[in-house]
Each structure stands twice: as C-alpha cells, then as structure tokens.
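Next come the chains, spelled out residue by residue.
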Amino acid sequence: MDWQGQKLAEQLMQILLLIAAVVSFVVGYTTASFRMMMLIYAGGVVLTTLITIPNWPCFNRHHLKWLDPSEAEKHPKPQVVVVSSKKKSSSKK
Amino acid sequence: MHTFGYRANALLTFAVTALAFICAIASFSDKFSNQNPSAEIQILNINRFKKQSHGNDEVSLTLDISADLQSLFTWNTKQVFVFVAAEYETPKNSLNQVSLWDAIIPAKEHAKFRIQVSNKYRFIDQGQNLRGKDFNLTLHWHVMPKTGKMFADKIVLPGYSLPDAYR
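Chains as they are written, first to last, in full-length UniProt numbering: chain Z, 1 to 93; chain X, 1 to 167.
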C-alpha cells in the first residue's frame with residue numbers, strides 16, 4: 001500500500017464506520033429494535049473490514065519512484081562531520 | 001509501518017469507540033420516553049394471622065395485583081423486575097419493608113397483567129406489632145436497560161389494615 005493508498009484507506013475506514021453507526025442508530029431507533037441496530041452496525045464493521053484492511057489494487061496506484069543506483073552515486077548521502085581530527089584520520093586508514 | 005495488523009487495530013479501535021458512542025446515545029434516548037405506570041392492589045382475603053411459637057406475628061394473605069407497566073418499556077429495555085412490599089411503621093423502626101411477591105417481566109407484552117396470588121414470601125413482623133396495623137402496599141420496580149444505568153421507582157398504595165385479633 002502506497003502513501004496515497006494509506007490515506008485513502010484510513011479516511012474510508014473512518015467515514016464508513018461513522019455512516020454505519022449513524023444508519024444503525026437511526027434504523028434501530030425508528031424500528032424500536034436494539035437487535036436491528038447491533039446487526040446493522042456489525043454488518044457495517046464487516047463491510048469496512050473487507051474494504052479497508054486487505055491490500056486492494058486501488059490502494060497501489062501511486063508507486064514511489066526510487067532513483068536509479070547510478071543517479072544515487074552522483075549525489076552521495078551527506079556524511080556526518082566528526083569534530084575530532086585524530087579519529088577522522090584513523091578511521092580513514 | 002502501514003501493515004495489515006496496523007490497519008486492523010485502527011479499525012477495531014475506531015469501531016468499538018463508535019459502538020460505545022451509539023450505546024450511550026441509545027441510553028440517553030430513554031430519558032425522552034414518558035412513563036405513566038399504574039397499579040392497583042386489593043387484599044382479597046386474610047388467610048391466616050397468628051403469633052408464631054417464638055413470638056413473631058405472621059400473616060398470610062391473598063392479593064389481587066393489577067398493573068400496567070407497559071410505558072416503562074422502551075427499545076432499550078431488557079427486562080423489568082417488579083415486587084410488592086408491605087410497608088409499615090413500628091415503635092422500634094420508622095420503616096419496615098416486607099417483600100410479599102415479585103416477578104420478572106421479560107417483555108412489553110407481559111407488562112399489563114392481573115394476578116391473584118397468596119403472598120410468595122412470608123409476611124413476618126419482627127415482634128408483635130401487626131394487630132390492627134395500618135400499612136401501605138408498595139409496588140416497586142427496577143428497569144434494567146440493555147445499555148446504561150438501571151433505575152428504580154415505585155407506586156405507594158396506602159390505606160390497608162390488618163384485623164385487630166389473631167385468627
């Protein structure tokens with residue numbers, strides 16, 4: 001799952017669960033059935049699990065483009081500058 | 001970092017939080033139901049009224065209990081426990097409560113009832129104070145919701161009295 005996919009999955013999870021909670025409460029209250037509320041909410045949680053937990057292809061549409069190794073060698077990582085000159089020379093040897 | 005387990009954990013946490021929230025609202029919605037229960041109790045007969053061999057008064061009586069507790073039931077009510085207590089005052093204790101009968105009402109359909117029973121639990125005083133005693137019969141109930149806090153209330157029915165002599 002790439003970065004965009006992670007964001008999408010998290011937002012989907014929260015929105016779907018909130019919708020499930022609101023719908024189940026409204027239906028449960030209007031039909032005066034606590035059982036109905038619990039069943040609808042459980043269904044919502046299962047649906048959300050199926051949508052947001054597996055690594056679906058739609059969460060992998062923005063691949064990270066890594067630099068080629070040759071390109072990376074031209075721009076080396078900045079080295080940590082060690083203050084003590086004695087240690088620096090010894091480590092080079 | 002963003003693994004299967006991480007997402008499952010986040011979903012479970014959020015789902016349980018939302019569940020707690022809707023249960024809290026369900027409990028809160030009970031406050032808007034208007035309750036107007038009614039009850040009537042008649043004493044049909046005093047079956048037995050005597051002093052026990054070790055000195056306490058005991059009464060056996062037949063009650064006719066009719067009550068309509070349907071308005072106590074909301075969509076969040078699991079069951080209602082109801083009991084009838086005889087309440088009276090003696091020189092020693094300002095309030096004596098003796099439970100005579102109880103029942104568990106599991107559903108709204110059973111909440112309007114009329115029943116004729118002799119007392120389920122023995123009506124025994126701590127002493128010999130029951131001759132000619134005026135007492136109340138009180139219908140108590142405890143509402144047990146599916147989520148939220150249990151609450152209790154009662155209807156006091158005054159004006160009953162016991163005979164002046166043992167029989």
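Because the hints were derived from the structure by calculation, they are not lab data.
Hints may be right or wrong, so weigh each one.
As the list claims (entries may be wrong) - Estimated spans, in silico, between C-beta atoms of each pair:
1. Z/22 x X/93: 50 to 58 angstroms
2. X/35 x Z/22: 26 to 34 angstroms
3. Z/32 x X/24: 17 to 25 angstroms
4. Z/75 x X/5: 29 to 37 angstroms
5. Z/32 x X/5: 20 to 28 angstroms
6. X/104 x Z/46: 30 to 38 angstroms
7. Z/47 x X/121: 45 to 53 angstroms
If you're wondering where the values come from, they're calculated on a predicted model, not measured in any experiment.
Beta carbons: idealized from backbone N, C-alpha and C, even for Gly.
Status of the hints after comparison with the structure:
1. Z/22 x X/93: 50 to 58 angstroms: 53 angstroms, holds
2. X/35 x Z/22: 26 to 34 angstroms: 28 angstroms, holds
3. Z/32 x X/24: 17 to 25 angstroms: Given a distance of about 18 angstroms, which is inside 17 to 25 angstroms, the answer is holds.
4. Z/75 x X/5: 29 to 37 angstroms: This hint holds: roughly 36 angstroms between Cβ atoms.
5. Z/32 x X/5: 20 to 28 angstroms: 39 angstroms, violated
6. X/104 x Z/46: 30 to 38 angstroms: 34 angstroms Cβ-Cβ, so the 30 to 38 angstroms window holds.
7. Z/47 x X/121: 45 to 53 angstroms: 52 angstroms, holds
Hint compliance for this structure: hint 5 alone is broken.
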